[in-house]
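Visitor: Sequence:
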Amino acid sequence: MEQINFILIEALHTNKQVYLTYYKKGQCITEKGFIQFVDFLGNLFVFIDEVFELKNKMRLSELIDVHFT
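Note that the working numbering has the sequence shown beginning at 54, numbered continuously upward.
Please note: incorrect hints may appear among the correct ones.
[To be verified] Derived lysine to aspartate or glutamate pairs resembling EDC-like cross-links, with alpha carbons at most 16 Å apart:
| hint | residue 1 | residue 2 |
| --- | --- | --- |
| 1 | K69 | E103 |
| 2 | K69 | E115 |
| 3 | K78 | E106 |
| 4 | K77 | E55 |
| 5 | K69 | E84 |
| 6 | K77 | D92 |
| 7 | K110 | E55 |
| 8 | K77 | D102 |
| 9 | K85 | E103 |
| 10 | K85 | D102 |
| 11 | K108 | E84 |
| 12 | K77 | E115 |
| 13 | K78 | E103 |
| 14 | K85 | E55 |
| 15 | K108 | E55 |
Just so you know, the hints here were simulated from the structure itself, not pulled from any lab data.
Model the full structure from these sequences, guided by the hints.
Guide: Now the structure itself:
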């Protein structure tokens, strides 16, 4: 989890694109996008997906993996 937190913060500050893997309705989903906001105390983050350029608000606990593209 520390590695995920580190990558989220770096991606937020450098505007680097990341691959996010997370659980949604019992399935594993991987998307490419940009981190816009992270709230570790509130257990949430916001990312902009590459395909539709939509804001997605998600719980940090749903994240499985994050890495740079």
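Visitor: Provide an ascending list of the numbers of those earlier hints which the structure does not satisfy.
Guide: The structure conflicts with hints 2, 3, 4, 6, 7, 13, 14, 15, although it agrees with all the remaining ones.
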